[in-house]
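Chains as they are written, first to last, in the working numbering: chain G, 35 to 612; chain R, 35 to 612.
Heads up, some of the hints might be wrong.
One copy or two, it doesn't matter: identical chains are merged, so the pair holds either way.
Derived DSS-like pairs: lysine-lysine, alpha-carbon spacing no greater than 30 Å straight-line [unchecked claim]:
#, residue 1, residue 2
1, 241, 124
2, 569, 328
3, 89, 225
4, 225, 432
5, 225, 124
Please keep in mind that the hints were generated in silico from the structure rather than gathered at the bench.
Number of protein chains: 2
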Amino acid sequence: MRIALAQINSVVGGITENTRRIRLAIERARDADAQLVVFPELAVIGYPPRDLLLKPAVIDSCVRAVDELAAACTDIAAIIGYPCPTGLAKGMPLYNAAALCHHGRVTHRYAKSLLPTYDVFDEHRYFEPGPRTDVADLSGCPLGVSICEDLWNDQEVMPRQLYHGDPIEDLSRAGARVLINCSASPFVVGKHDFRLRLLQSAAQRNKIPVVFCNQVGGNDELVFDGNSCVIDSDGRVLAHAKDFQEDLLIADVPIDGQAPPASSRVESPKTGIESAYHALVLGLRDYCGKCGFKSTLLGLSGGIDSAVTAALTVAALGPQQVRGVAMPSRYSSEGSLTDAAELAQRLGIRFQTIPIDDAHGALERMLTPHFEGLPPDATEENIQARIRGVILMALSNKFGSLLVSTGNKSELAVGYCTLYGDMAGGLAILSDVPKTLVFELAKWINDSPDSPLRQQFGSPVIPDSSITKPPSAELRPDQTDQDSLPPYELLDQIIERYVEREQSSQQIITEVPGVDPATVARVIRLIDLNEYKRKQAAPGLKITGRAFGFGRRMPIAQQYDSSFTPNPSSNANSNSPR
Amino acid sequence: MRIALAQINSVVGGITENTRRIRLAIERARDADAQLVVFPELAVIGYPPRDLLLKPAVIDSCVRAVDELAAACTDIAAIIGYPCPTGLAKGMPLYNAAALCHHGRVTHRYAKSLLPTYDVFDEHRYFEPGPRTDVADLSGCPLGVSICEDLWNDQEVMPRQLYHGDPIEDLSRAGARVLINCSASPFVVGKHDFRLRLLQSAAQRNKIPVVFCNQVGGNDELVFDGNSCVIDSDGRVLAHAKDFQEDLLIADVPIDGQAPPASSRVESPKTGIESAYHALVLGLRDYCGKCGFKSTLLGLSGGIDSAVTAALTVAALGPQQVRGVAMPSRYSSEGSLTDAAELAQRLGIRFQTIPIDDAHGALERMLTPHFEGLPPDATEENIQARIRGVILMALSNKFGSLLVSTGNKSELAVGYCTLYGDMAGGLAILSDVPKTLVFELAKWINDSPDSPLRQQFGSPVIPDSSITKPPSAELRPDQTDQDSLPPYELLDQIIERYVEREQSSQQIITEVPGVDPATVARVIRLIDLNEYKRKQAAPGLKITGRAFGFGRRMPIAQQYDSSFTPNPSSNANSNSPR
């Protein structure tokens with residue numbers, strides 16, 4: 035059976051635009067003589083639609099859009115994801131559904147059975163789990179249609195089965211000859227390998243081919259990598275779409291041990307640091323495009339974070355759309371300004387220098403009388419960062435440009451950043467990139483033969499000194515990050531264990547060779563205490579298993595004390611340290 | 035049966051402190067000869083614990099705490115809410131449980147069956163629904179233990195049953211002689227009336243008494259009002275605890291048509307504007323206390339929002355803990371400064387004046403050359419608001435005081451506020467209070483005989499002119515809010531219908547008499563466009579059915595166009611307006 039996988043980039047809520055893309059893909063699939071074209075999960079409304087799903091008018095539009103699309107499916111069939119009312123008097127009011135459209139109408143409807151409600155997913159908030167359904171019939175061939183998470187309860191591959199049923203097995207037992215999975219599975223570095231194992235396990239255990247169609251594109255914090263593919267019943271990759279861009283993959287899928295088809299297109303998915311780079315570029319490009327921003331700006335400190343951010347921004351939008359602003363203070367080294375200027379020159383972006391001294395001096399004169407003789411502390415450092423925030427936001431407002439903020443995950447974790455200062459911005463593209471990975475990214479961008487910027491400019495775009503000099507916030511004389519923080523190699527390990535793996539301090543101390551227990555305790559305390567800053571952080575782009583933001587929901591006013599012991603006598607005076 | 039309802043104020047994550055409070059309440063209940071003492075939902079860890087529940091070490095601490103508490107329950111029984119592992123190989127790993135502790139051990143464990151996953155609730159993110167359980171036996175009396183939402187699927191009271199089962203009915207059928215409900219049901223104006231109807235319906239339909247023990251106190255965005263009570267099998271309120279404070283309510287609950295007991299204490303719950311006032315005061319007081327802030331500060335503009343915020347802050351913490359800062363600009367009227375000073379004087383708070391002109395002038399000189407001859411616009415207004423943000427945050431940093439921000443829900447809805455400017459702060463106590471309700475609050479605070487501030491100061495604390503003058507941001511000459519916005523009476527109606535009720539523009543136009551369709555479209559467009567500001571807003575205190583913040587999760591980069599029509603020909607050029 036010739037099947038087209040329409041890996042489209044849906045706009046959340048953009049029902050008109052998404053419907054146009056779906057219609058176009060149907061036509062192209064028809065032109066390629068496909069019998070069936072498959073779309074991603076919730077393709078009509080884009081994933082994740084979040085609380086747009088609570089608006090009855092939105093659901094009504096989606097249902098009408100699918101009806102209209104079905105009418106166009108006469109000589110080809112299509113499977114289209116959309117939210118639809120359950121029609122039941124009780125329970126959550128919607129299904130996360132996929133319609134099989136054929137003969138000009140919806141001939142079958144599948145409702146997602148397993149509803150992910152963890153990390154960035156909130157599906158129980160909107161949807162009723164689908165009842166077990168029959169296979170769909172397409173001109174005599176029984177199709178097993180499933181949606182995304184339905185595939186993710188595999189007893190052999192998943193470390194824990196979060197659900198009690200296995201819809202894939204059910205569909206296979208019900209006689210499906212091919213499994214279709216409509217997905218919106220967001221990018222995480224290394225995840226596609228895991229996904230392939232899942233797909234292969236489903237194919238091999240049930241001895242049927244699997245067709246996996248995934249959304250592509252950035253929607254707020256999430257980037258979808260595409261990587262749609264077809265796995266044959268022996269678990270081999272038969273066809274594979276591109277990653278990080280729209281694609282229409284045509285594959286002849288052998289049903290019931292048909293002869294293997296003429297070879298299909300098999301693209302190689304990017305991995306590791308290269309995949310992270312492309313995810314960040316796509317996430318930024320789509321955030322701008324889908325919000326309607328034509329240009330961006332960012333502060334250039336001469337350091338590595340802003341250099342990598344600038345490079346990614348140029349990769350996403352082109353140098354004409356990027357404005358770099360250096361804002362030196364009395365504490366800035368000369369090297370910082372020249373590194374910033376050099377970066378801007380190499381990238382070919384607009385560059386402006388706005389020294390902050392005048393405003394800095396004015397605010398000092400205004401505030402010092404009110405500080406009641408208290409000694410200088412982080413307050414004075416924050417003022418400088420916030421003046422820069424005011425300047426960048428003024429330029430953002432005046433030119434209608436998106437302010438891209440430059441902070442990394444390590445800083446955000448321990449609060450080594452200023453709320454309303456360097457944290458200001460519309461999108462924080464490095465906020466899920468640990469500092470050690472920022473260094474790797476910088477080197478990859480500069481030196482890898484696969485680096486698009488290296489290819490485009492023919493030489494390294496990031497000045498070497500931005501990579502090699504010791505990181506510093508330059509908010510007081512001779513400051514370096516390492517005055518306040520443990521070395522980044524160690525810090526990032528602790529963050530990864532505490533934030534991504536939910537390890538306790540005890541576990542971290544046991545498992546990280548030679549780590550100082552006081553350092554672990556201090557880092558954990560900083561992570562907990564700075565929840566209030568992250569609550570007001572700009573949205574970031576998720577590339578790890580656990581990003582700050584939507585997928586990590588910590589209380590602010592909380593007093594969990596990992597040293598808790600329930601023995602009352604020993605705790606008589608032990609109020610929590612916060 | 036004599037039952038004690040221990041309406042405690044749990045600290046999220048504060049297992050040591052919560053365990054201490056629970057132990058104390060057990061002792062007091064024993065002293066009052068109660069046979070049973072009932073605690074709120076998840077009392078050991080506080081509600082909502084959010085992603086603390088993902089930390090195995092946290093769960094382990096909770097389980098150990100309950101074991102330890104159970105050991106203390108020898109001559110009295112206690113029902114204590116806590117998270118506990120399911121012990122099952124599949125499914126979500128935790129139950130939202132309540133342990134019946136008696137004879138020095140846990141004798142029965144109930145797991146919550148209905149898991150709210152809407153608005154501010156995320157329980158499917160953590161918990162496995164409990165299997166139907168047997169009734170618990172307490173010295174021969176069958177108790178029907180349930181947890182919060184288990185009560186909220188009543189077919190007669192709920193507009194829609196979100197769940198398929200009714201655990202209350204199940205427990206009653208299984209022979210329960212008294213229903214116990216451990217709750218953490220957050221405050222919304224008017225909600226307790228609805229809760230009482232639910233409790234009465236449960237009692238009457240099942241002909242058994244209902245014991246409802248609710249958490250009290252503020253945890254981040256949520257305020258819990260307490261209002262624990264006992265309803266007899268005829269649906270009458272037999273005993274009622276205080277609202278907005280800890281309480282231990284002792285009630286003799288008649289089992290199986292026993293003679294009605296000697297009368298118990300029945301407190302009157304506060305309603306309407308008075309309840310909103312107390313919720314805001316408690317929410318702020320607990321946010322400060324649980325975060326460890328001893329003092330607060332806020333900007334005083336002379337307007338009504340900052341006046342009401344200052345009054346609430348004084349009510350929460352006392353005048354000694356509040357610093358008011360006036361930051362006049364060249365556009366401030368003289369009245370603004372005198373109103374601010376008058377307010378501070380009446381409330382007895384510290385008052386400082388820091389004119390922003392020097393920084394304003396400096397930033398103008400720094401930025402104007404970079405504005406490329408573009409005309410003045412909102413940029414220049416935002417700069418002033420952001421300078422004030424820098425000043426307030428500097429004082430907050432220097433004195434370790436919580437910056438309380440003063441914006442209201444109407445502004446936040448339509449983006450009539452400056453990100454990193456007047457939106458800066460640690461808690462936005464009016465961010466769920468529409469402007470029309472801010473006016474009502476001001477009048478109630480000034481004039482009501484029930485107003486604690488009126489009682490304390492003996493005269494109105496808010497200057498009359500702050501209430502009566504036309505609201506203005508004073509960011510350009512002769513500006514008033516009504517230059518940019520529809521009248522607040524109308525604006526608040528549209529916001530309430532669009533945000534709280536999820537009505538479409540068409541519905542609003544139809545149902546609001548005489549409203550201009552263009553006004554509705556403009557307000558809705560402003561609400562949608564300003565999602566990016568709200569994403570970075572300070573946490574607020576929820577008092578309505580739908581607050582901005584945790585319970586409203588809208589995409590930022592989205593293009594829903596309420597004028598969508600799926601007809602392709604008419605949409606050829608209709609890209610979304612954003």
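Exercise. Which numbered hints are broken by the structure, listed smallest first?
Worked result: 4
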